[in-house]
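Number of protein chains: 2
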Amino acid sequence: MGPGPSDVSPRVLAAMARPTIGHLDPEFIRMMDEVKGMLKKLFKTENELTLPVSAPGSAGMEACFVNLVEPGDKVIVCQNGVFGGRMKENVERFGGECILIQDEWGTPVDVEKVKAAFAENDNVKALAFVHAETSTGVRSDAKSLCQIAHDNGALAIVDAVTSLGGIDVDVDGWGIDAIYSGTQKCLSCPPGISPVSFSDKAVEAVKNRKTAVPSWFLDKNLVMGYWGGSGKRAYHHTAPVNSLYALHEALVMMEEEGLENAWARHQKLHNALRAGLEAMGIGFLVNEESRLPQLNSVLIPEGVDDAAVRTALLQNYNLEIGAGLGNLAGKVWRIGLMGTACTQRNVMLCLDALENTLAAMNAPIKTGVAAQAAAAVLAE
Amino acid sequence: MGPGPSDVSPRVLAAMARPTIGHLDPEFIRMMDEVKGMLKKLFKTENELTLPVSAPGSAGMEACFVNLVEPGDKVIVCQNGVFGGRMKENVERFGGECILIQDEWGTPVDVEKVKAAFAENDNVKALAFVHAETSTGVRSDAKSLCQIAHDNGALAIVDAVTSLGGIDVDVDGWGIDAIYSGTQKCLSCPPGISPVSFSDKAVEAVKNRKTAVPSWFLDKNLVMGYWGGSGKRAYHHTAPVNSLYALHEALVMMEEEGLENAWARHQKLHNALRAGLEAMGIGFLVNEESRLPQLNSVLIPEGVDDAAVRTALLQNYNLEIGAGLGNLAGKVWRIGLMGTACTQRNVMLCLDALENTLAAMNAPIKTGVAAQAAAAVLAE
Numbered sequence: 002m003g004p005g006p007s008d009v010s011p012r013v014l015a016a017m018a019r020p021t022i023g024h025l026d027p028e029f030i031r032m033m034d035e036v037k038g039m040l041k042k043l044f045k046t047e048n049e050l051t052l053p054v055s056a057p058g059s060a061g062m063e064a065c066f067v068n069l070v071e072p073g074d075k076v077i078v079c080q081n082g083v084f085g086g087r088m089k090e091n092v093e094r095f096g097g098e099c100i101l102i103q104d105e106w107g108t109p110v111d112v113e114k115v116k117a118a119f120a121e122n123d124n125v126k127a128l129a130f131v132h133a134e135t136s137t138g139v140r141s142d143a144k145s146l147c148q149i150a151h152d153n154g155a156l157a158i159v160d161a162v163t164s165l166g167g168i169d170v171d172v173d174g175w176g177i178d179a180i181y182s183g184t185q186k187c188l189s190c191p192p193g194i195s196p197v198s199f200s201d202k203a204v205e206a207v208k209n210r211k212t213a214v215p216s217w218f219l220d221k222n223l224v225m226g227y228w229g230g231s232g233k234r235a236y237h238h239t240a241p242v243n244s245l246y247a248l249h250e251a252l253v254m255m256e257e258e259g260l261e262n263a264w265a266r267h268q269k270l271h272n273a274l275r276a277g278l279e280a281m282g283i284g285f286l287v288n289e290e291s292r293l294p295q296l297n298s299v300l301i302p303e304g305v306d307d308a309a310v311r312t313a314l315l316q317n318y319n320l321e322i323g324a325g326l327g328n329l330a331g332k333v334w335r336i337g338l339m340g341t342a343c344t345q346r347n348v349m350l351c352l353d354a355l356e357n358t359l360a361a362m363n364a365p366i367k368t369g370v371a372a373q374a375a376a377a378v379l380a381e
Numbered sequence: 002m003g004p005g006p007s008d009v010s011p012r013v014l015a016a017m018a019r020p021t022i023g024h025l026d027p028e029f030i031r032m033m034d035e036v037k038g039m040l041k042k043l044f045k046t047e048n049e050l051t052l053p054v055s056a057p058g059s060a061g062m063e064a065c066f067v068n069l070v071e072p073g074d075k076v077i078v079c080q081n082g083v084f085g086g087r088m089k090e091n092v093e094r095f096g097g098e099c100i101l102i103q104d105e106w107g108t109p110v111d112v113e114k115v116k117a118a119f120a121e122n123d124n125v126k127a128l129a130f131v132h133a134e135t136s137t138g139v140r141s142d143a144k145s146l147c148q149i150a151h152d153n154g155a156l157a158i159v160d161a162v163t164s165l166g167g168i169d170v171d172v173d174g175w176g177i178d179a180i181y182s183g184t185q186k187c188l189s190c191p192p193g194i195s196p197v198s199f200s201d202k203a204v205e206a207v208k209n210r211k212t213a214v215p216s217w218f219l220d221k222n223l224v225m226g227y228w229g230g231s232g233k234r235a236y237h238h239t240a241p242v243n244s245l246y247a248l249h250e251a252l253v254m255m256e257e258e259g260l261e262n263a264w265a266r267h268q269k270l271h272n273a274l275r276a277g278l279e280a281m282g283i284g285f286l287v288n289e290e291s292r293l294p295q296l297n298s299v300l301i302p303e304g305v306d307d308a309a310v311r312t313a314l315l316q317n318y319n320l321e322i323g324a325g326l327g328n329l330a331g332k333v334w335r336i337g338l339m340g341t342a343c344t345q346r347n348v349m350l351c352l353d354a355l356e357n358t359l360a361a362m363n364a365p366i367k368t369g370v371a372a373q374a375a376a377a378v379l380a381e
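Each protein sequence line maps, in turn, to chains A and B. Heads up: the first sequence at position 282 corresponds to 283 in our numbering, and the numbers run straight through without jumps. Heads up: the second sequence at position 135 corresponds to 136 in our numbering, and the numbers run straight through without jumps.
Source of the hints: derived by calculation from the structure; they are not laboratory data. It cannot be assumed that every hint is accurate.
As the list claims (entries may be wrong) - These stretches of chain B come out as covered by chain A in the derived footprint (C-beta under 8 Å, 3 or more residues):
#	region
1	9 to 23
2	83 to 93
3	189 to 202
4	213 to 222
As the list claims (entries may be wrong) - Just so you have them, the derived chain A footprint on chain B, three or more residues with Cβ under 8 Å:
#	region
5	52 to 60
6	234 to 240
Just so it is clear, CB atoms sit at the ideal spot from N, CA and C, and this is done for glycine as well.
Build the full structure now, drawing on both the sequences and the hints.
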């Protein structure tokens, strides 16, 4: 129940252990087509360039920026946590000019600041922001932010690592031009693969580059020779065959549950967790309207030793919760409710474990009330 | 029995299916230390910067070039197959000046041409070559080539994707400065991870760069915060936890067998395969002294339909062999004997399957002699 990787279903683990076949085997290519089709549904897009990058989410981020940012390109980057900062690093490493908009960690991206930044800067090529900040548990208003980008003729680049599968991500509906995610959050697949999708406009931008993409591995022009819809599969790199078995199975499970049902499950179990935590007297970092159900940044009670609690949970309950990052280190815990780890059993375990552990340390919490509060929500 | 991915042992597949834990979990970090230690033994190096890149071999290649090549740097690249060409692409995409030495596909890198290139060019930063060309089955003389690089004050960058674990690779003994491999060849691990190692001289070169590494994901300065020996593990990206379980198990199996024993097994089974093929009248592309035991490029008999044979082997025997690449398409098959797929059973199956399939097509081969010829070698 940390910020990811989330627990992986035995079904997905079993799929991952199937015998390795060739990355050009006809059966494998058939599976690749199924993965592409399911990813399109998950991203809610018709984008032909929708595929899993053969590396973790950070490489998915890099795939978006290295293909779309050329030397001198202006990119507005919104930073309200760790991952916005990483976007800035990407823009600058590829020679782009980063116009940085900063919001306090724990708050969403301020739409008005973004409008102002576009008003002050001409010829902005792209707006980049994090939909669901894993470092803080904040959801930003992706739809409005994409609208502002389009109103100003810019591409919208979106980090959906923690949002995809946990809350609505509507690539075509919101007009996202380049998006990347990870497998190890709400898809509950082992880490190592990054689903990405590029709009036709983004594909055009890649094709019209003046300079070669400064990466061979992530060059979408090349990757599409292997993953594209042309029928012919040209070897680019050796695909991580078993990791794609796992992703395929996780996507099948997502289809079985239904995407909207998965979102509703995340929301309901978040509500239960929240009721239990609040009954104990533990509050949230993020305002209610911007809270992610799948990642709960909760305030560490006064005087409590952060690391001692996390170590006790891990040793006594085999339960991982995440530490705060950056300025939030020691101030918050990050409790994940992601994918197959988002269950009633985990919510109750976490509440009991926290209550017992904190009570044993004489922390200022109310005891004996959390479980009932959560159970009441679950019974609704 | 193609050019990789090779068959994966059930032990490694079972390891891969272990429950996913956090990439900062103390138990996982303990396993990372073991992986690093075993990789050092496998590479025969004391290099502190020895670690598995969280992506396939192509990304390992990119990790070497993106860290070591700065705009304007001169790099001599030896091309005698597909992968030398990819090295050239890497050098150029990172702004380097590529001095290309070409040798015919199927022959090793010509040491004299490399000496001449150094004589003709000043201030060469690095020499890059492929130790074992997967596209042709050729072994080049890595030791001599590294010596030439050092004699001229240049770094030696080596592709060991197909060599590592199948033939001797001696990083410290030969003075290799940057090396990358893959898990899916002679280590018989699923594809998706690339072991790399950088010498202290290479690390110095990265630290003394004038420009930032044009990749965030592959920047060795950052990756070392997570994989380095400092004790503290700073989060960089989410490691592909299950893929590293698999690599760990494959490395344990390699230690159980012993590295020298693994090389001897590859050589002996190559000898058996060769005896059988030659008895049938099928010859090799590569001269005997430069042949890789783990990758056999064999000449397709006159008048035989390449694809029809490979399809028949796959459908009737569930046996994959590789097609030729580039100019060698239709002219050779690439028969892999890699890692756990390098077994007596596979050699005999392959010979029988080829003999029956070719005989049914009235190909000009001798029948009824291959199995005995191979068995005689195996009995030695």
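- prompt: Counting residues of the region 213 to 222 of chain B whose CB is closer than 8 Å to a CB in chain A, do you get three or more?
  reply: Since three or more residues must qualify, the claim that chain A covers the region 213 to 222 of chain B holds, with 6 doing so at under 8 Å.
message: Is the listed coverage of the region 83 to 93 of chain B by chain A valid when you require three or more residues with a beta carbon under 8 Å from a beta carbon of that chain?
response: holds (count 4)
task: Check whether three or more residues of the region 52 to 60 of chain B sit with their beta carbon closer than 8 Å to a beta carbon of chain A.
output: Contact hint for the region 52 to 60 of chain B vs chain A: holds, 6 residues under 8 Å.
message: So is the region 234 to 240 of chain B in contact with chain A by the C-beta rule, three or more residues under 8 Å, or is the coverage claim wrong?
response: Result for this restraint: holds, n = 5.
Annotated coverage of the region 9 to 23 of chain B by chain A, confirmed only when three residues or more have a Cβ within 8 Å: Coverage by chain A holds for the region 9 to 23 of chain B (10 residues, Cβ < 8 Å).
message: At least three residues with a C-beta closer than 8 Å to a C-beta of chain A: is that true for the region 189 to 202 of chain B?
response: holds (count 3)
Hint check: no violations occur; every hint is consistent with the structure.
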